[in-house]
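Participant: Residues per chain, in single letters:
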Amino acid sequence: MRKVIIMLILCTFLLSLTSCFDSIEMDDLLYVIAIGVDKGISDKWRLTIQFPTMQEGGGQMQSVSGGSSGSSGHSYASIDAPSFFTGIDMLNASLPRKLDFTHAQIIVFSEELAEGGLIGEYIAPIARFGDIRRSSHVFVVKGKAMDFIKENKPLIGTTLSKNFQVLAHASENTGFFPHVTLENFYEDLKSPYGQTIAAMASVNDLKSFAGEGEPWGTEFKTGGSYFAGQLPRTGKNKIEVWGTALFNGDKMVDKLNGDETRFLLMIRGEFRQGRYTMKDPKRPEVIIALDVRISKKPEIEIDIKDENPEIRLKFQLDADILSVQSMIDYENPELLPLLEENFKKTVEEGIMALIKKCQDLNTDVFYFGENAAKNFFTIDEYESYNWNSRFKEARVIVDVDFAIRRTGTQIKSYPIKDPIGVE
Amino acid sequence: MIKEGKFGVQEAICLTWITIVSKVFFSSPAVLARLIGSTGWYATLISAAVALLGFSFIYLLLKRFPDKGIVEIFDIAFGRVIGFIISCILGLYMLFITVARTSELSGFLRVYVAPQSPNWFIIGIFVVCIYTLSILGLESIARLSKLLIYPLLLGFLTVLLLGVQNYDFNNLFPAFGYGLDKIAYNGILRSSVYGEVIILAIFAKSFQGARFIKKEGIIGISLSAAIISLSLLCCSLTFPYYIEQEITSPMYELSTLIDYGRFVQRVEAIFLYVWIMSNFISATVVFYSFMSIFCYTFRIPDKKPIIIGSCIILYTVSLMHKNIISIILGYISIIRNFGSLPLFVLPLITLIAVMIRKKGENTNA
Numbered sequence: 001m002r003k004v005i006i007m008l009i010l011c012t013f014l015l016s017l018t019s020c021f022d023s024i025e026m027d028d029l030l031y032v033i034a035i036g037v038d039k040g041i042s043d044k045w046r047l048t049i050q051f052p053t054m055q056e057g058g059g060q061m062q063s064v065s066g067g068s069s070g071s072s073g074h075s076y077a078s079i080d081a082p083s084f085f086t087g088i089d090m091l092n093a094s095l096p097r098k099l100d101f102t103h104a105q106i107i108v109f110s111e112e113l114a115e116g117g118l119i120g121e122y123i124a125p126i127a128r129f130g131d132i133r134r135s136s137h138v139f140v141v142k143g144k145a146m147d148f149i150k151e152n153k154p155l156i157g158t159t160l161s162k163n164f165q166v167l168a169h170a171s172e173n174t175g176f177f178p179h180v181t182l183e184n185f186y187e188d189l190k191s192p193y194g195q196t197i198a199a200m201a202s203v204n205d206l207k208s209f210a211g212e213g214e215p216w217g218t219e220f221k222t223g224g225s226y227f228a229g230q231l232p233r234t235g236k237n238k239i240e241v242w243g244t245a246l247f248n249g250d251k252m253v254d255k256l257n258g259d260e261t262r263f264l265l266m267i268r269g270e271f272r273q274g275r276y277t278m279k280d281p282k283r284p285e286v287i288i289a290l291d292v293r294i295s296k297k298p299e300i301e302i303d304i305k306d307e308n309p310e311i312r313l314k315f316q317l318d319a320d321i322l323s324v325q326s327m328i329d330y331e332n333p334e335l336l337p338l339l340e341e342n343f344k345k346t347v348e349e350g351i352m353a354l355i356k357k358c359q360d361l362n363t364d365v366f367y368f369g370e371n372a373a374k375n376f377f378t379i380d381e382y383e384s385y386n387w388n389s390r391f392k393e394a395r396v397i398v399d400v401d402f403a404i405r406r407t408g409t410q411i412k413s414y415p416i417k418d419p420i421g422v423e
Numbered sequence: 424m425i426k427e428g429k430f431g432v433q434e435a436i437c438l439t440w441i442t443i444v445s446k447v448f449f450s451s452p453a454v455l456a457r458l459i460g461s462t463g464w465y466a467t468l469i470s471a472a473v474a475l476l477g478f479s480f481i482y483l484l485l486k487r488f489p490d491k492g493i494v495e496i497f498d499i500a501f502g503r504v505i506g507f508i509i510s511c512i513l514g515l516y517m518l519f520i521t522v523a524r525t526s527e528l529s530g531f532l533r534v535y536v537a538p539q540s541p542n543w544f545i546i547g548i549f550v551v552c553i554y555t556l557s558i559l560g561l562e563s564i565a566r567l568s569k570l571l572i573y574p575l576l577l578g579f580l581t582v583l584l585l586g587v588q589n590y591d592f593n594n595l596f597p598a599f600g601y602g603l604d605k606i607a608y609n610g611i612l613r614s615s616v617y618g619e620v621i622i623l624a625i626f627a628k629s630f631q632g633a634r635f636i637k638k639e640g641i642i643g644i645s646l647s648a649a650i651i652s653l654s655l656l657c658c659s660l661t662f663p664y665y666i667e668q669e670i671t672s673p674m675y676e677l678s679t680l681i682d683y684g685r686f687v688q689r690v691e692a693i694f695l696y697v698w699i700m701s702n703f704i705s706a707t708v709v710f711y712s713f714m715s716i717f718c719y720t721f722r723i724p725d726k727k728p729i730i731i732g733s734c735i736i737l738y739t740v741s742l743m744h745k746n747i748i749s750i751i752l753g754y755i756s757i758i759r760n761f762g763s764l765p766l767f768v769l770p771l772i773t774l775i776a777v778m779i780r781k782k783g784e785n786t787n788a
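Just so you know, the sequences run in chain order Y and H.
Using our numbering, read the first sequence as starting at 1 and increasing by one per residue.
Using our numbering, read the second sequence as starting at 424 and increasing by one per residue.
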């Protein structure tokens with residue numbers, strides 16, 4: 001019995017190694033949820049943080065106060081500082097709680113910073129900082145990161161952190177922006193396999209939403225052709241995440257719209273599901289909606305025997321029909337291949353155009369380099385081959401296998417009767 | 424006469440297993456990635472094979488001298504004076520391993536978990552625990568290791584399984600890392616990773632004969648190799664070689680990346696438990712080996728009086744490191760690169776000596 005008691009005391013001692021001396025009361029901390037980084041004016045960096053104020057009623061009030069004197073469910077504070085860490089200490093001097101970054105969900109960089117190639121300078125110290133989890137998400141924001149954080153208000157529910165978590169994972173259901181964590185972003189900045197990307201975010205001024213004007217005709221738009229901040233929408237939520245920022249090294253070189261982002265994710269094997277709108281092959285003035293999923297990871301083979309590498313990309317997409325406006329009986333086995341061929345062509349062309357765009361920018365954001373590495377025995381051989389510089393000249397062959405697996409809750413479309421006696 | 428108590432094969436295997444495996448939770452994967460890229464997972468199998476060869480020398484030695492520990496065999500093989508010197512070398516080396524492990528744990532806890540806690544506090548608590556368990560004796564350590572192996576294994580495998588979401592098989596290429604020559608060289612050199620199997624020889628009297636020790640050693644090294652290889656594989660699958668070599672503790676970092684939404688995330692708490700408990704048992708066993716050798720060498724019949732003194736030495740020496748880099752690239756590198764000498768080469772030299780001098784049971788065979 002004595003031994004058992006000693007063992008228990010021992011285990012208790014050991015478990016205390018996990019904290020004890022570092023213990024701190026939960027309400028002594030200010031949990032930072034979002035971190036924004038802009039170029040500073042009074043100093044090198046402008047650091048903005050957003051945090052819940054833990055007040056009764058939480059985010060139900062949904063109003064955000066500037067500075068650190070928030071009176072609602074959440075607030076923000078900005079400071080110009082020479083470095084992230086000094087900025088934290090400077091902010092700590094003015095805030096009544098100690099800043100804690102262990103629950104930080106997003107890190108937002110301004111587009112200006114990204115285009116200036118300054119992200120690498122900022123990411124490297126953050127990655128070393130144990131408080132910020134590498135599973136937090138990285139966004140590049142059009143305009144200022146501070147403005148984005150100011151406009152970030154929990155529209156549904158009360159918690160900022162949940163909002164961000166749900167938002168970051170929304171990519172899995174739409175494919176309109178990539179899911180990029182700090183770990184992914186940091187890894188890819190240093191990678192000999194390819195280049196890095198980040199999700200694009202923006203404050204939408206809602207001006208794209210025309211209140212009045214000529215009604216839209218029959219011209220076709222996919223819905224994914226917008227860039228972040230351009231979605232024609234209205235409502236209380238002003239922020240949106242849409243599209244992809246492309247990097248070459250640590251410099252942002254271009255961005256992708258929603259459609260291009262979906263193709264990018266398909267190639268990277270990260271596309272899960274997305275709803276597509278395509279022209280009806282028989283009646284181009286109306287559309288067909290498809291629920292598209294990638295059925296297995298893409299097969300990528302890279303041949304490096306010749307001077308210029310050859311990339312053979314093959315993947316399979318499956319889809320369900322969501323709607324057929326024309327009521328043409330595409331469920332018919334004779335007509336179904338027509339739909340499949342049309343969509344397959346759209347995807348293949350889109351992918352080829354995207355790869356060409358990235359080759360022109362000299363940025364392999366598809367990570368083809370990972371597959372190229374299989375042709376080498378050693379790291380030294382691979383690194384001296386220098387994939388990132390070879391990608392530009394690579395020949396690409398794309399083969400998309402597309403099949404419509406289900407036709408929704410209908411197995412036949414019966415045409416709607418034409419109006420009789422109505423002008 | 425010091426009595427350590429007797430225990431079975433399972434306890435011995437668990438003891439060996441935990442003692443060997445615990446080091447994989449620290450900087451070893453990162454250092455390996457720096458040396459050989461993402462090939463550590465199979466390079467360690469080379470180390471294990473070399474360690475099995477090294478263990479075969481230990482076994483042959485023990486077989487010649489049933490019911491004798493390796494320290495007694497040193498005396499028989501080389502005489503009292505040289506035997507004393509060799510025993511002291513082995514004993515001091517075991518103390519050095521304990522110091523390195525304690526300092527490493529303290530450094531890592533400060534990096535990841537308790538940045539505000541001073542070294543004297545972390546190392547102090549750790550040494551108090553080592554002291555308590557040492558008082559209870561080897562039998563209790565062995566039984567505790569058998570008791571804890573199940574939750575430790577469960578926690579460890581849970582973390583690796585949950586980490587699947589971040590595994591990328593492309594990280595394993597180029598398949599030969601920085602070259603086959605480097606893999607072979609480091610594979611052989613780092614056989615010292617499995618060197619703690621020598622505890623079976625130090626406490627041979629408690630393990631019920633050479634036949635059982637053979638079984639315990641082979642199973643202990645094989646299971647350790649499987650777990651270490653699996654850990655290194657998972658680290659390489661999670662981090663490409665150029666990132667893995669940057670990270671202070673890849674295994675811990677792997678656990679922090681697990682994120683299955685709002686309910687399954689931040690599982691590093693499980694890992695932390697595995698980390699500390701395994702390191703605690705491991706450090707205690709090695710420390711206890713040091714004391715056992717010390718007592719035998721200086722003919723001290725009872726360990727208890729020297730435990731407190733040894734713990735004070737351990738505590739003070741553990742506090743003496745300059746920084747975490749001096750631990751990782753200093754202490755740990757010395758142990759990995761030269762650890763085979765006291766742990767495998769000394770028994771080999773002893774085996775050759777007893778064969779030449781025709782000592783032990785087989786001389787009559």
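Hints may contain errors.
[Claimed, not checked] Keeping only pairs whose Cα atoms sit at most 25 angstroms apart, straight-line, the calculated BS3-like set for lysine-lysine is:
| # | chain 1 | residue 1 | chain 2 | residue 2 |
| --- | --- | --- | --- | --- |
| 1 | H | Lys727 | Y | Lys3 |
| 2 | Y | Lys251 | Y | Lys236 |
| 3 | Y | Lys3 | H | Lys638 |
| 4 | Y | Lys297 | Y | Lys207 |
| 5 | Y | Lys153 | Y | Lys98 |
| 6 | Y | Lys221 | Y | Lys279 |
| 7 | H | Lys569 | H | Lys638 |
| 8 | H | Lys569 | Y | Lys190 |
| 9 | Y | Lys357 | Y | Lys297 |
| 10 | H | Lys628 | H | Lys726 |
| 11 | Y | Lys153 | Y | Lys190 |
| 12 | Y | Lys305 | Y | Lys374 |
| 13 | Y | Lys344 | Y | Lys236 |
| 14 | Y | Lys3 | H | Lys569 |
| 15 | Y | Lys374 | H | Lys638 |
| 16 | Y | Lys356 | Y | Lys374 |
| 17 | Y | Lys374 | Y | Lys282 |
| 18 | H | Lys605 | Y | Lys3 |
| 19 | H | Lys638 | H | Lys628 |
| 20 | H | Lys569 | H | Lys429 |
| 21 | Y | Lys3 | H | Lys745 |
[Said to hold, decoys possible] Quick look at which bits of chain H chain Y covers, simulated, 3 or more residues with Cβ under 8 angstroms:
| # | stretch |
| --- | --- |
| 22 | 533–539 |
| 23 | 559–571 |
| 24 | 663–670 |
| 25 | 743–750 |
Keep in mind that the hints were calculated from the coordinates and are not lab data.
For each residue, glycine too, the CB sits at the ideal point set by N, CA and C.
Participant: Against this structure, judge whether each hint is valid.
Facilitator: Now the hints, each set against the structure:
Using a Cα cut-off of 25 angstroms, the hinted pair H/Lys727 and Y/Lys3 holds, with the two alpha carbons roughly 16 angstroms apart. In summary, the hint linking Y/Lys251 to Y/Lys236 is not supported, as the alpha carbons are separated by about 33 angstroms, beyond the 25 angstroms threshold. With a C-alpha separation of about 29 angstroms, the suggested pair Y/Lys3 and H/Lys638 falls outside the 25 angstroms cut-off, and the hint is violated. Note on Y/Lys297 and Y/Lys207: the hinted pairing is violated, with a Cα-Cα distance of about 39 angstroms set against a maximum of 25 angstroms.
Pair hint Y/Lys153 plus Y/Lys98 holds up; C-alpha atoms about 23 angstroms apart against a cutoff of 25 angstroms. For the hint linking Y/Lys221 to Y/Lys279, the alpha-carbon distance of about 9 angstroms falls within 25 angstroms, and the restraint holds. A hinted pair counts as satisfied when its Cα atoms are at most 25 angstroms apart, and H/Lys569 with H/Lys638 qualifies at roughly 17 angstroms. For the suggested pair H/Lys569 and Y/Lys190, the alpha carbons sit about 43 angstroms apart, so the restraint of at most 25 angstroms is broken.
With a CA separation close to 23 angstroms, the supplied pair Y/Lys357 and Y/Lys297 stays within the 25 angstroms bound. This hinted pair checks out: H/Lys628 and H/Lys726 have alpha carbons roughly 16 angstroms apart, not beyond 25 angstroms. Note on Y/Lys153 and Y/Lys190: the hinted pairing is violated, with a Cα-Cα distance of about 34 angstroms set against a maximum of 25 angstroms. A hinted pair counts as satisfied when its Cα atoms are at most 25 angstroms apart, and Y/Lys305 with Y/Lys374 qualifies at roughly 13 angstroms.
As the CA atoms of Y/Lys344 and Y/Lys236 are separated by approximately 38 angstroms, the hinted pair breaks the 25 angstroms bound. Annotation: proposed proximity of Y/Lys3 to H/Lys569 holds, straight-line Cα distance about 15 angstroms (limit 25 angstroms). For the given pair, Y/Lys374 sits about 40 angstroms from H/Lys638 by alpha-carbon distance, which is inconsistent with the 25 angstroms threshold. For the hint linking Y/Lys356 to Y/Lys374, the alpha-carbon distance of about 23 angstroms falls within 25 angstroms, and the restraint holds.
Pair hint Y/Lys374 plus Y/Lys282 does not hold up; C-alpha atoms about 45 angstroms apart against a cutoff of 25 angstroms. Restraint check: the Cα-Cα separation between H/Lys605 and Y/Lys3 comes to about 48 angstroms, which exceeds 25 angstroms; the hinted pair is violated. Between H/Lys638 and H/Lys628, the direct Cα distance comes to roughly 15 angstroms. Compliance with the 25 angstroms bound is thereby established for this hinted pair. Restraint check: the Cα-Cα separation between H/Lys569 and H/Lys429 comes to about 14 angstroms, which is no more than 25 angstroms; the hinted pair holds.
The hinted pair formed by Y/Lys3 and H/Lys745 fails the criterion: a straight-line CA distance of about 37 angstroms is larger than 25 angstroms. For a cut-off of 8 angstroms, the count of residues in the stretch 533–539 of chain H with a CB near a CB of chain Y stands at 6, and the three-residue condition holds. For the stretch 559–571 of chain H, the proposed coverage by chain Y is satisfied: 3 residues have a C-beta within less than 8 angstroms of a C-beta in that chain, meeting the threshold of three. Residues of the stretch 663–670 of chain H lying with their CB closer than 8 angstroms to a CB of chain Y number 4, which satisfies the three-residue condition for coverage.
Using a Cβ-Cβ cut-off of 8 angstroms, 0 residues of the stretch 743–750 of chain H lie near chain Y, which falls short of the minimum of three, so the contact claim is violated.
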